[in-house]
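Whenever a hint applies, use it, and build me the whole structure from the sequences.
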Amino acid sequence: GAVVSQHPSWVICKSGTSVKIECRSLDFQATTMFWYRQFPKQSLMLMATSNEGSKATYEQGVEKDKFLINHASLTLSTLTVTSAHPEDSSFYICSASPQRALSPSSYNEQFFGPGTRLTVL
Amino acid sequence: GEDVEQSLFLSVREGDSSVINCTYTDSSSTYLYWYKQEPGAGLQLLTYIFSNMDMKQDQRLTVLLNKKDKHLSLRIADTQTGDSAIYFCAEKDGYGGYNKLIFGAGTRLAVHP
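So the protein lines, in turn, are chains Z and G.
Mapping of the first sequence onto this note's numbering: residues 49 to 169, in sequence order.
Mapping of the second sequence onto this note's numbering: residues 8 to 120, in sequence order.
Warning: the hint list may mix true and false statements.
To be verified - The following label-pair restraints were derived from C-beta to C-beta distances:
id	chain 1	residue 1	chain 2	residue 2	range
1	Z	Ser102	G	Phe57	21 to 31 angstroms
2	Z	Glu135	G	Gln51	45 to 55 angstroms
3	G	Thr88	Z	Arg148	34 to 44 angstroms
4	Z	Arg148	G	Gln51	34 to 44 angstroms
5	Z	Cys61	G	Asp85	39 to 49 angstroms
6	G	Thr37	Z	Val51	23 to 33 angstroms
7	Z	Arg148	G	Phe57	12 to 22 angstroms
8	Z	Glu111	G	Asp61	24 to 34 angstroms
9	G	His119	Z	Lys103	43 to 53 angstroms
10	Z	Gln77	G	Gln51	36 to 46 angstroms
11	Z	Ser131	G	Glu21	23 to 33 angstroms
12	G	Asp61	Z	Thr128	37 to 47 angstroms
Simulated from the structure, these hints should not be mistaken for lab results.
Using N, Cα and C, we set each Cβ at its ideal position, and we do this for glycine too.
Structural data, given as structure tokens:
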């Protein structure tokens, strides 16, 4: 249980185009989903916290008009990188927090997706 | 703000124990986590410890927490080549699943024969 998927797993796009990345909790409902980006050999940087049915909360320095987040249901959140540029190339990882405890520990746990590697040419 | 620091690299011989260290600044941390990341993959939760605990053992993994010094360590006994990965320490302030995690930079563990 507690599987989070991301689609696509990798994408290459031209500069100026928009790219949508999906994050799905497959076997549980997630009230909160988180979006991170990770540069090579660096840590995860939290971009935004997404709550179902409400606007995402962005971390300082993250442009909300560039990284559009939609959390339309309890199992799906999407991140759209608008007008992508080469500097947006990165590894994007989502995580999901269960609405209800799946086990004694899972209420406090974030389950991570496998990541999406974005390359902008 | 909150900060989590780790040493960046550790090299051990197969069969030896590995100890990965982490320090954090947030005195309000409620949970502290260790995640493992293999190349090109997402994060896998290895273990966690609640802030009122000193130690937690789970098979080959032992977590030690010194709350006074805000120091966390992960010991991997009988380290295997499959343990080669990046290990992230993370802390959470708060009890809810909506509370964000603060990650360290990650420690790259290399296991050699």
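Evaluation of the provided hints:
Roughly 29 angstroms separates the CB atoms of Z/Ser102 and G/Phe57, a value that falls within the hinted 21 to 31 angstroms. At roughly 29 angstroms, the beta-carbon separation of Z/Glu135 and G/Gln51 lies outside the given 45 to 55 angstroms, and the hint is violated. One distance hint, 34 to 44 angstroms for the beta-carbon pair G/Thr88 and Z/Arg148, holds here, with the actual separation near 38 angstroms. For Z/Arg148 and G/Gln51, the Cβ-Cβ distance of about 22 angstroms falls outside the hinted range of 34 to 44 angstroms, so the restraint is violated.
Between Z/Cys61 and G/Asp85 the Cβ separation comes to about 45 angstroms, which falls inside the hinted range of 39 to 49 angstroms. Distance hint check: the CB atoms of G/Thr37 and Z/Val51 are about 26 angstroms apart, consistent with the given range 23 to 33 angstroms. In this structure the hint that Z/Arg148 and G/Phe57 lie 12 to 22 angstroms apart at CB holds, the actual value being about 20 angstroms. At roughly 43 angstroms, the beta-carbon separation of Z/Glu111 and G/Asp61 lies outside the given 24 to 34 angstroms, and the hint is violated.
At about 49 angstroms, the beta-carbon gap between G/His119 and Z/Lys103 stays in the expected band of 43 to 53 angstroms. For Z/Gln77 and G/Gln51, the hinted distance range of 36 to 46 angstroms is not satisfied, since their beta carbons lie about 22 angstroms from each other. In this structure the hint that Z/Ser131 and G/Glu21 lie 23 to 33 angstroms apart at CB is violated, the actual value being about 48 angstroms. Evaluation of the 37 to 47 angstroms hint for G/Asp61 and Z/Thr128 yields a pass: the beta carbon distance comes to about 45 angstroms.
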